[in-house]
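**Q** Order-wise, the sequence lines are chains A, B and C.
The working numbering applies: residue 1048 is where the first sequence begins, and numbers increase by one.
The working numbering applies: residue 21 is where the second sequence begins, and numbers increase by one.
The working numbering applies: residue 14 is where the third sequence begins, and numbers increase by one.
Incorrect hints may have been included.
Said to hold, decoys possible - Dumping the calculated DSSO-like pairs for lysine-lysine here, alpha-carbon to alpha-carbon at most 27 Å:
| no. | chain 1 | residue 1 | chain 2 | residue 2 |
| --- | --- | --- | --- | --- |
| 1 | C | Lys269 | C | Lys431 |
| 2 | A | Lys1053 | C | Lys69 |
| 3 | C | Lys72 | A | Lys1053 |
| 4 | C | Lys318 | A | Lys1295 |
Simulated from the structure, these hints should not be mistaken for laboratory data.
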Amino acid sequence: MLTLEKRPQPSKNWTYAAPLLAVVITMIVGGFVFAALGKDPLVAIRTIFYDPLFGEFASYSRPQLLLKAGPLILIAIGLSFGFRAGIWNIGAEGQYIIGALAGAAVGLAYFPDGSRIVVFPLMILAGVAGGMIWAWIPAFLRNRFKTNEILVSLMLVYVAESIQASMALNLLRNPDGHGFPGSRNLSQIPASANLEIFANTGIHWGVFTALVAVVVSYGVLMRHRFGFDVRLAGQSPRAAIFAGVNPKRLVMTCMLISGALAGAAGMFEVSGPAGRVSIDFNVGYGFTAIIVAFLGRLHPVGILFAGILMALTYIGGELAQLSLSLPGAAIQLFQGMLLFFLLAVDVMTNFRIRFGSKE
Amino acid sequence: MDFGSINPVLLVASLMVAATPIILAAAGELIVERAGVLNLGVEGMMITGAIVGFIVTAHTGSSWAGFGAAALGGALLSLLFALLTQFLLSNQVATGLALTLFGLGLSALLGQGYNGIKAPEFAKIDIPVLTDLPVVGPILFGHDPMVYIGIALIAAIWAFLKYSRAGLVLRAVGENHDAAHALGYHVMRIRTLAIMFGGACAGLGGAYISLVRVPQWTDGMTAGAGWIALAIVVFASWQPWRLLIGAYLFGGVTVLQLNLQAAGFAIPVEYLSMSPYIATILVLVLMNAGRAPGSLGRVFHASR
Amino acid sequence: MSDILLSLNGLTKAYPGVVANSDVSFEIHEGEIHALLGENGAGKSTLVKTIYGLVKPDKGEMTLRGQPYQPGEPRQARASGIAMVFQHFSLFDALNVAENIALGMENPPPMGELEDRIREVSEEYGLPLDPRRIVGDLSAGERQRVEIIRCLLQNPSLLIMDEPTSVLTPQEVNILFETLRKLSSEGTAILYISHKLEEIRALCQAATVLRLGKVVSKCDPRTTSAREMAEIMVGASLHVPTRAATPKGDVVLELKGLSAPAPHRFGTALQNIHISVKAGEVLGIGGVAGNGQDELLAALSGEMKSAHGMVRLGGEDISLMGPNERRSVGVCAAPEERNGHAAAPDMSLTENALLTGAVRKGLVSRGLLDWPATRTFAEEIIKAFDVRTPGPGNAARSLSGGNLQKFVIGREIMQKPKVLVINQPTWGVDASAAASIRQAILDLAAEGAAVVCISQDLDELREISDRFAALNDGRLTAPRDMQGLTIDEIGLMLGGAHDMEVAHVDA
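This is chain A alone, in the form it adopts within the complex:
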């Protein structure tokens, strides 16, 4: 019989080993899934994890990697503060959408005049503000009425999607679009385009912001009182109040941070890779970012790597779809599995497995 025994303190080694082990187990189990779908598992794994980096078309897919990792990292960094403190904003997708809509609306309002120096920064501000407003709602309701922020933030995703559809069909629709839904293409308007900073690297302003967010949040988490309060509140809420942390203010701050970053990510996406507001320009980054945050163990550097890994599964998945006709859903399943296995092996960080009789 196996029994679990609590370690006197968390194992440092397992903290690093657990995510790697989870990736390996996911590859093995994923291999079986691919085999069950009639694909050669080794080829599938190579197509997903190796080819985007070093394969034939790597020069095309490598920049794509950063392009996809950018929003995931940016959103996950924002989520990580709340998750550490036990504040569960799982509606980042909604904040992402509203941020994108707000940013796009500002960009479109200045069309066709307006200089980039003015318009683009204003769009970023609008995106941040949009995400913050959407995140403010569940935070306010939790503080004021003790409503559950998990449910409220999630419900707001569906509300945001409805607003998005309405905007694409009505208010923000391209007047020169021959009646088709969707806005003008922001990425083709010089004043509002989220351009690559360095050509052919995939590093646009959103990716740059994500990298800055990694560095800043690392500093905050390790060196600033706020980071300490967040960690303390997550581990021992009562001790946090004793240490002078105001729980309501903490809820609000964490939610606003995640809303701001998700909103910014949405704005960078809609003015760059997505290009325009359509009925379905969002591709679920807000949900995938939750996996990224956990896979990165809510640590900025971990999130950086996890974001790149998750982007790899997206790009590799697309490649596998093209070359092996592997269904897209298989990749979604693969990502879900990754989080599952991470949570499973995580037990090793705080517990030791012992063989022997149960008490």
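Given chain A's structure and the hints, the job is docking chains B and C onto it.
**A** Quick look at chains B and C alone, frame taken from chain A:
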């Protein structure tokens, strides 16, 4: 715009149908939460139930077989959650989210090739005289069996919690797992069973959407029903009959907005379709939740 | 003496790093009140959990009335006639009395019948109890009655009681003892676990003393002195804290009609509390658990704010200040619960030093943390208070209860507060650590701090307080000088037999 086209009798009858998947899933989650476990994976289990039920029905032609398979599928998926949270002591919030993401991926994968097929009709109960009664007939009689099973389930859960020994033990485990352990109750075993019951119910709820309510398969077709079920458990303060009220309230909003859409009401479709979600938020705000089970969401580890 | 009921032979149970029980053997006779004596960590709870089927021994065996006895789970133990009253963790706040009792029985009768039997038994043993009441609303003494009646309904041949008097007033203790004597006279054996020696001398007929998991002595408590037993239990002669008679200074801390609503469903409201504590003085606040101790500490530490003017420091109103503002003006506090309130168990000692030390030790400037200075502060606490740990990088949960408590108290004392408020300074702490903590509190007072010490241990309060007041249902009695106060007077201040009916036991 024509309000006259909205028939109040049909409205009530169809709100009972709209509420049924929520009732089924929420009833299961209520038992899970009363046992002290927060399973946020309801959406994932529902969508898995939806596709498993659909596939089995599509191949066997029997809706009952489909419902059976959906319950089994939901229970199996929830077993993963039980394994992680009860034996590997993982965080319940994160694991529930993982279950939802996993279930969405799994169902999309399983559902390849089933898009757009129509499910065989699930026969309604037809009691000669009663069903033909005006007003009462279509509302109370003449639904498909799952509508009644949903209501019966609520009644059964109510009686189970209030009168049975096993129900008392379940509540005790949810209230204070350390005390229950000290008295010699098997906390992990009881919770695992509760989680699987919740999974089976969620599976049934999902299958009801794909087999009766829609009735066909599309990716992500549960569209947040699992999350609404979770919200309704909170709204109900963990009381079975209040859960029924909550689900009907929600069903009412859903059906009304669909009817308004059909009637060409002046509000754009997109705003009507967000109304169930806004209603859910409002309900969460207005109803001050009762006292949650004492050990809800906490990890149990029997120390020395 | 009558026949042997339960016999333990060579019971051994090891956990990684500790041997909880090592070759423990003794016998309990039918109808005997047998004391199991030992310090915290001596292995008493592991032993009783073994008897109750919650822990399986690595080695050794038990016999019950001559038959081999190996309970696999509590159910079997109960079926064999062994019942247990727990110190913590066995009642369900949200359920009513009858439901709680049904949960502890093998084959409970239908609810209506059970309620009648509860009334019957509770009358018979002088423990009145309403079966319909919600347990969360009961006082500590009444909660204990629930547990006792739960056991009595099973007609046990052995009743195990784990530290039963720690939650009772002296008068309530007398009621309990009468009940136990009656049970004993009817043939029920009682295994009575405690570290309160006078009680054991008054009640028990035999005693087994455990130290570090081993049986170190078996004695007759009626003929052994408390001091002898204490030395056997601790294994050394005890250091008794000394206090210098220091002149008291001006009033530092004042509570003027402090009232506050209950913070949660099963909390206690504070009602019109008046205190004034002088510099150099230790005010002891006694009371049975759950009478507002946590709430009073929270109101003083700043975790719970109170209305304007209710809490004053040297004349200045600090009622509306939060915990850190109060620290900055010199009010420090140490709550009862070490794990998760006074300290964060999963964080390192360095981080725990920052938890309250940030303000007075200047460990944060413009939001930025000074980790090297924090680490130095943690090291100073470890050194000054003899905290046994490999270093400040270790997690708080890796420390034993006594060591963590020394760290927590040390952390506050090292900040040189003007006012220190402590709740249960030595709860669950071994005797030597307890003695050094009490000495540290007295030393702090001698240096001119005002100390409020909330405790349920009356011996402790008699040892360190200058004045004594009792907390009862959120109300505080007027403080009296500790010197000359008798145990009966203290008992009456604590609320006598509380809101309980006085027992009338038909022996």
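**Q** Need the status of pair lysine 318 of chain C, lysine 1295 of chain A: alpha-carbon distance at most 27 Å?
**A** The hint holds at about 15 Å.
**Q** Can the restraint linking lysine 1053 of chain A and lysine 69 of chain C be considered satisfied, given a maximum Cα separation of 27 Å?
**A** Roughly 19 Å separates the two Cα atoms, so the pair holds.
**Q** If you draw a straight line from the CA of lysine 72 of chain C to the CA of lysine 1053 of chain A, is it 27 Å or shorter?
**A** Holds, at about 23 Å.
**Q** Given the hint that lysine 269 of chain C pairs with lysine 431 of chain C, does the C-alpha gap stay at or below 27 Å?
**A** holds, 19 Å
Violated hints: none; the structure is consistent with every hint.
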